[in-house]
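*Asks:* As a plain string of letters, each chain reads:
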Amino acid sequence: MTKYAINRRNFLGASSALVGLALMPSAARAEGDTIKLGTLTPLTGAGGPYGPVMTQTAKAVIDEVNAAGGVLGKQIELISEDDQTNPEAGVRAARKLIDVDQVSAIIGTWASSVTTAVAPLCWESGTFLATVSGADAITALPHQGYLVRTQPNTTLQGRKFGEFALEKGAKRVYFVSPQTPFAESQYTNMAKAVEAGGGETDSLVYDDKKPSYRSEVDEIMRFKPDAVVLGGYAPDTTVMLKELYRAGFEGIKIAFAYAVNQQVLDGVQKEVVEGCYTIAPSSNENATAYKRLVDLIGVEKPDPYTVQVYDQTNLIIMAMAAAGDSTGTAIKDAIRTISQGDGTTVDNAVDGLKLIAEGKAVNYEGASGPCDFTDTGDISNSSFRYEQVLDGKFSFINIA
Amino acid sequence: MTILLQALLNGIMNGTLIAVPAIGFTAIFAVLRFPNFAIAAYATIGAFAAWWVNVHLGAGVLPALIVAFAVAGFAGVAAEETALKGLRGSGALTVAIGSIALNVVLENIIRLYFGNDLRGYDLPIVPDWRFLGLRVGPQQLQSLMIAVAIMAAMFAFLRFTKFGKAMRAVADNADLARLKGIDPAKVALLTVFLGAGLAGTGGVLIGLDASIDPMLGYRVLLTVFAAAVLGGLGSIQGAVAGALLIGIAEECALLVIPPTYRSAVGFIAILLVLTLRPRGIFGERAA
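If you read the sequences in order, they're chains L and Z. With our numbering applied, the first sequence corresponds to residues 33 to 432, in that order. With our numbering applied, the second sequence corresponds to residues 928 to 1214, in that order.
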């Protein structure tokens, strides 16, 4: 009995220790021998095929930097969480990374809905966020500079979809998408491009939780489109493609490369996806950074998100070195000093850190592209990769 | 007019697919007196079992459906015995909540083994038939006929077999049934097997139309629940009627409201029924 009785002295001692811990500034608690970075990628859900490799890539870059002595005299520790391609799970995981692990930066949020939900937590807590999401609204958030993205925004992507449809001879283009933060801006910009070329457009936003879309497809067919642009993710796009096939649609199909990917090709009947075009923001496959990345992770053709995470991790590490400080605010203030400008061109953080230590300016040229950021956090330049499904395989058209 | 007819046709097709798991759901409710939300996971289990025998053993639709029925049925019985049976003493609400938890567990077990990827049955896909400006898929007609056959078998089972009669007796008045020497525990077990099995075959039929992933059952759970509530919880005919009505309402609603609000149809149906006629269309007493 006495063993568990609360002794007043012990109780007071323990409580004051607890109170003291709580009162300590968070920076003091974070003061350790390591700098913490977090990845928040989709390991499950629609983004599930990408998240694991993205995380592995961030880890590989960090291991490389740690092996070369770390940054600011410290080793970097990576904490990885799963956002489940779901805003609610994403917020929970981000809270853990920010409040418990106290990371300086979060890398890799994928779905626009997740990024939109997580971003406010980041800027409120002074945590830097690097994302691969495309919705326009994301960089329009009041993020005070705490956010950058390496993915071209949907204004640009929508225009490319529209221009491509025109180029393929389509005059009547139908846009169909589930409810996403980028559906509207993608459609508006696609429509602008098509209408500028004398074409007509219409759109339909569907509920992606339904097992079949027959009536939706009936509505699409009533428009008599030459081309259908599919704006969804893989699970719903697969169902939509099947319905279009059953409905006898024989026009042009254009989808995001993340929606019509290898797994979709493996999982559905060949004739359903035959002829479908895919568009994806393209990596710069000629860049030295791209070749380093391929060697580093041993993946022959890394997907665009993996490539972007490689760039984000390198950029964040160099920004900390350039600022001489590892906080999210320091990264925010310094990132543009190493991503763009007249400094020596570098393609990885290890080389960059050496130059920064010598007091030289650097300009990172990444595997995804030049990685130059506008004031709002968008990248200023990107190319796109066009492919078509022919005979059940992806065949390359061009990068433009 | 053609547009409305097409929506009606699509609605009937959708409704018959929903009817199969809805019968399972309502049968379990009739005998055990609690809404078993784990039905979603049973549908997914059935769909994956059928996928496995279809892709690995080359089984056709019918054998795959039988396997799905058996696997989902046994999974249902095992889950009921281990997880839910012990909760029955604490009231229907407790078991219902338990079944939600069970659903999450089962769904994630499937995810653990099969992963999150989309899968499709290894069956040919054929373009729709067209007539009078309407279109209908041969595959859908096949599913429709299978669903109708399953329903007919279920009705015959309830009407003409000893176990079927026992099930109806327990559903009608459990105490009276016991006095007549019917063992309620046995009937409960059989009902769960049947209910989960029907959910499993329903899962296959839904998967045939689209594709399968661990969320398959969960996505249609609301519609199935709404169908059962609309028809009157515990009434088999009610579940069929409710499913058809919900199916038709969902498709026709698309003509007037944006498709994003499609899920709202199920909620509105539940709301209306609970407000205006809580016992549902065929329900004999307030549930």
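Any given hint could be a false lead.
As the list claims (entries may be wrong) - Taking lysine to aspartate or glutamate and the EDC-like style, the derived pairs with C-alpha atoms no more than 16 Å apart in a straight line are: (1) L:K241 <-> Z:D1136; (2) L:K333 <-> L:D357; (3) L:K128 <-> L:D95; (4) L:K302 <-> Z:D1049.
It is worth saying that the hints were derived from the structure and are not from the lab.
*Asks:* Determine for every hint whether it applies to the structure shown.
*Replies:* Checked hints:
At roughly 14 Å between alpha-carbon atoms, K241 of chain L and D1136 of chain Z fall within 16 Å of each other, so this suggested pair holds. Taken as a hint, the K333 of chain L and D357 of chain L pair is broken in the structure, with Cα atoms around 35 Å apart against an allowance of 16 Å. For the hint pairing K128 of chain L with D95 of chain L, the CA-to-CA distance comes to about 23 Å; that exceeds 16 Å, so the pair is violated. This hinted pair checks out: K302 of chain L and D1049 of chain Z have alpha carbons roughly 11 Å apart, not beyond 16 Å.
Consistency with the previously given hints fails for numbers 2, 3, ordered from lowest to highest.
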